[in-house]
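Participant: These are the residues of each chain, in order.
There are 2 protein chains.
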Amino acid sequence: MSQIKTEIIGVGTELLLGQIANTNAQWISERMAENGFSVFHHAVVGDNLQRVVAQFEQSAERSDVIIVTGGLGPTEDDMTREAFQKISNLEMVEHGPSMDKIEAFFKKRNSVMTENNRRQARMFKGAKVVENQVGMAPGMMVSHQNSMWVFLPGVPREMKAMITNTVLPYLKQHTGEHTVIKSTMLRFIGIGESRLEDELKDIIHGQSNPTVAPLAQNEGVAIRVTAKASSEAEAFELIESTKQQILSKTGGHFYGSDEQSLAEKVFGLLKNRGLFIAAAESLTGGMFMERLVALEGASKVCSGGIVCYDTKVKENVLRVSPETITQYGTISEQCAGEMAENSCSVLGADIGISFTGVAGPDAQEGHSPGTVFIGIHAIGKETVIKKCVFQGDRNTIRERSVIKGFELLMNFLEKEL
Amino acid sequence: MSQIKTEIIGVGTELLLGQIANTNAQWISERMAENGFSVFHHAVVGDNLQRVVAQFEQSAERSDVIIVTGGLGPTEDDMTREAFQKISNLEMVEHGPSMDKIEAFFKKRNSVMTENNRRQARMFKGAKVVENQVGMAPGMMVSHQNSMWVFLPGVPREMKAMITNTVLPYLKQHTGEHTVIKSTMLRFIGIGESRLEDELKDIIHGQSNPTVAPLAQNEGVAIRVTAKASSEAEAFELIESTKQQILSKTGGHFYGSDEQSLAEKVFGLLKNRGLFIAAAESLTGGMFMERLVALEGASKVCSGGIVCYDTKVKENVLRVSPETITQYGTISEQCAGEMAENSCSVLGADIGISFTGVAGPDAQEGHSPGTVFIGIHAIGKETVIKKCVFQGDRNTIRERSVIKGFELLMNFLEKEL
Numbered sequence: 001m002s003q004i005k006t007e008i009i010g011v012g013t014e015l016l017l018g019q020i021a022n023t024n025a026q027w028i029s030e031r032m033a034e035n036g037f038s039v040f041h042h043a044v045v046g047d048n049l050q051r052v053v054a055q056f057e058q059s060a061e062r063s064d065v066i067i068v069t070g071g072l073g074p075t076e077d078d079m080t081r082e083a084f085q086k087i088s089n090l091e092m093v094e095h096g097p098s099m100d101k102i103e104a105f106f107k108k109r110n111s112v113m114t115e116n117n118r119r120q121a122r123m124f125k126g127a128k129v130v131e132n133q134v135g136m137a138p139g140m141m142v143s144h145q146n147s148m149w150v151f152l153p154g155v156p157r158e159m160k161a162m163i164t165n166t167v168l169p170y171l172k173q174h175t176g177e178h179t180v181i182k183s184t185m186l187r188f189i190g191i192g193e194s195r196l197e198d199e200l201k202d203i204i205h206g207q208s209n210p211t212v213a214p215l216a217q218n219e220g221v222a223i224r225v226t227a228k229a230s231s232e233a234e235a236f237e238l239i240e241s242t243k244q245q246i247l248s249k250t251g252g253h254f255y256g257s258d259e260q261s262l263a264e265k266v267f268g269l270l271k272n273r274g275l276f277i278a279a280a281e282s283l284t285g286g287m288f289m290e291r292l293v294a295l296e297g298a299s300k301v302c303s304g305g306i307v308c309y310d311t312k313v314k315e316n317v318l319r320v321s322p323e324t325i326t327q328y329g330t331i332s333e334q335c336a337g338e339m340a341e342n343s344c345s346v347l348g349a350d351i352g353i354s355f356t357g358v359a360g361p362d363a364q365e366g367h368s369p370g371t372v373f374i375g376i377h378a379i380g381k382e383t384v385i386k387k388c389v390f391q392g393d394r395n396t397i398r399e400r401s402v403i404k405g406f407e408l409l410m411n412f413l414e415k416e417l
Numbered sequence: 001m002s003q004i005k006t007e008i009i010g011v012g013t014e015l016l017l018g019q020i021a022n023t024n025a026q027w028i029s030e031r032m033a034e035n036g037f038s039v040f041h042h043a044v045v046g047d048n049l050q051r052v053v054a055q056f057e058q059s060a061e062r063s064d065v066i067i068v069t070g071g072l073g074p075t076e077d078d079m080t081r082e083a084f085q086k087i088s089n090l091e092m093v094e095h096g097p098s099m100d101k102i103e104a105f106f107k108k109r110n111s112v113m114t115e116n117n118r119r120q121a122r123m124f125k126g127a128k129v130v131e132n133q134v135g136m137a138p139g140m141m142v143s144h145q146n147s148m149w150v151f152l153p154g155v156p157r158e159m160k161a162m163i164t165n166t167v168l169p170y171l172k173q174h175t176g177e178h179t180v181i182k183s184t185m186l187r188f189i190g191i192g193e194s195r196l197e198d199e200l201k202d203i204i205h206g207q208s209n210p211t212v213a214p215l216a217q218n219e220g221v222a223i224r225v226t227a228k229a230s231s232e233a234e235a236f237e238l239i240e241s242t243k244q245q246i247l248s249k250t251g252g253h254f255y256g257s258d259e260q261s262l263a264e265k266v267f268g269l270l271k272n273r274g275l276f277i278a279a280a281e282s283l284t285g286g287m288f289m290e291r292l293v294a295l296e297g298a299s300k301v302c303s304g305g306i307v308c309y310d311t312k313v314k315e316n317v318l319r320v321s322p323e324t325i326t327q328y329g330t331i332s333e334q335c336a337g338e339m340a341e342n343s344c345s346v347l348g349a350d351i352g353i354s355f356t357g358v359a360g361p362d363a364q365e366g367h368s369p370g371t372v373f374i375g376i377h378a379i380g381k382e383t384v385i386k387k388c389v390f391q392g393d394r395n396t397i398r399e400r401s402v403i404k405g406f407e408l409l410m411n412f413l414e415k416e417l
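Just so you know, the sequences run in chain order Z and W. Residue numbers for the first sequence follow the numbering used here, beginning at 1 and rising by one. Residue numbers for the second sequence follow the numbering used here, beginning at 1 and rising by one.
Keep in mind that the hints were calculated from the coordinates and are not lab data. Among the clues, some could well be false.
One copy or two, either will do: identical chains are not told apart, so a pair holds if it fits within one copy or between any two.
Stated by the list, open to error - Calculated cross-link-like contacts (lysine to aspartate or glutamate; reagent style EDC-like; alpha-carbon spacing at most 20 Å):
no., residue 1, residue 2
1, K201, E416
2, K228, D47
3, K300, E115
4, K300, D393
5, K108, D393
6, K172, E382
Given the sequences, and given the hints that come with them, work out the whole structure.
Facilitator: As structure tokens, then:
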């Protein structure tokens, strides 16, 4: 097994002032580990030419692959190019296609490109340009002396796409790194981390390849299964067999693998059944529907939603009966039921979900913050209503309501429809 | 003004595997900045004696204060003590009170103390012990050659208490550092980073205290103004006067300071004017309204919203006229206008905002992804409609639409109402 020494340098004074955490280094490290590269150092240095140069000199001595994030922007604060030029003496040239892209960006917005934006198209001679598919400024990879240097923007979204689409494939191809480390996340809902760990303790302690580790997540709990092997196929087999062992013990709570979200799971169930969904959202304020509309192809499953934060909207638009509201209040099983039912008829959907409750910080209608009713109605089926009590601040309660809504909906779709 | 060069080293392979982010370095950096210490480097190194020693040697050369977190635990993985002994040749002795505490800890839990736990009570001769008030193992501060070394556990809760209660007071007392550093963020929308820098270049280059630095943000651009002074009051005055200079040049785009979001700004404007808002959201799917409902007191400004992802909902619930849709399409100025106007009447609000456009990935009604119409209507005022063209993937386009909506609304509220 070759040992490629990798190092990740973050350039930016905002990191040294503690305004942001170095999550770029974390994310890149995870990807590198998955692909069999050893990261031996993280370093952070501010927007100061002398110190960036000193850092680069040191990194060049100790590492084979050096990934630098940040310091590539258009302003004079951005030192990465200048610093690398000082240690490499490589000539810089303007990269035509990148310059065209930058100019087009400004033209499309009808805004004037200032001269300093040209800096972003400057590349070291002989560098491989790393195309930025989600932003404006490109990155680059340069081989210098015994190291491979990778320069990427500090914006996480742009950096991530560039690592995934270009840098990792290139590094794997050019370093002869052939150990494969594969990881999969198995995602569970409706079961706590300690209970899951307890049920799986024989599997967790009984083997070292794959390793099995439970992780608390925003949406339920995940189990990370990580296998080392000499080929993808072998790693895949190792993972698959452990996955089957795990699911045989806890399958009922399993909802998906890897990056699959609960929203995607529900989206798939709706799509397979050809069902359109509507939502009536009070305390969640549109968060539920927004998670579905975020997914490509939303028009195949989403009718629409009504954010009925105001009681008048519950009555006038959602047509919840005034008697229900007078007799039981808006935070009630009855109101949640009518909201779910009427969302179907008003919005022309097959299935409706409703959220009404107290996000806080103040109590409402005699209910303390965290009291939430979630209703689900499918045409021709009995309406299901669940009363929940969540802990946490306003937005935690809102977030947990939405997650619970997806969980209930998943179970409802799998069992009832 | 003295310039104490500080450096923060995290020891632990879990950081290099990306299992956790280096939030310790962020937190310490923030505290150091507030207290006038300049942090020039972050470094992370794994549980490997040789590499920890190499890192320590390098840090000793460049920094006055070196704060090391992690690697102090009881297992053989924990290298921090051994590494420092290698570079300092300082003798290690068992610290009686710390050993007593460790023994008491195990006795209290009725568990057996293994021999390796003794390691945690070992201190360098002459070190100041940093008591751990929320955990078991102590930290220490050691003066060696020209640097002050601070060793702390990696557990954030323990490390934080030790920094606050012991390390910072000690450092301030022993370094004669009485400088206060205060920072504020001024937030702008509707102006690019390079244009803002261009307008402010005299201010940016003309002064060193406060420093003025532009930063790209998710919501527009921010300017960070950072002042060093000998008192809070003096720092505040310096910042205030620079802020006035900046606003006199770019005030029209300014929307808030520090952590204020655009949604909060708009929320405040609505509340001050006693206005209720409604939203008609197609491609944004509820994201706009969800940002407002996330704020405490949302019931004072939010009527509600309609997520009209489906054309039928635009017609049946929002009552957009079928002629408009047939003649101009749903992605049109006309449809956006009716959506904004009707959201007011249907939801009983004073002001309505609408979003209709193509999130992608596919084109729609002959418009390419990123084409978005945003409408704003206030009762008794002419409806305003803005056509935008955004770059990026589906969710970037949706996110940018919402941010643009808040920007337009802010301008509308400030100028028209």
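Participant: Give a verdict on every hint.
Facilitator: Hint-by-hint comparison with the structure:
no., hint, result
1, K201 to E416, "neither (32 Å within a copy, 64 Å between copies)"
2, K228 to D47, "between (37 Å within a copy, 18 Å between copies)"
3, K300 to E115, "neither (46 Å within a copy, 46 Å between copies)"
4, K300 to D393, "between (34 Å within a copy, 19 Å between copies)"
5, K108 to D393, "between (42 Å within a copy, 16 Å between copies)"
6, K172 to E382, "neither (55 Å within a copy, 59 Å between copies)"
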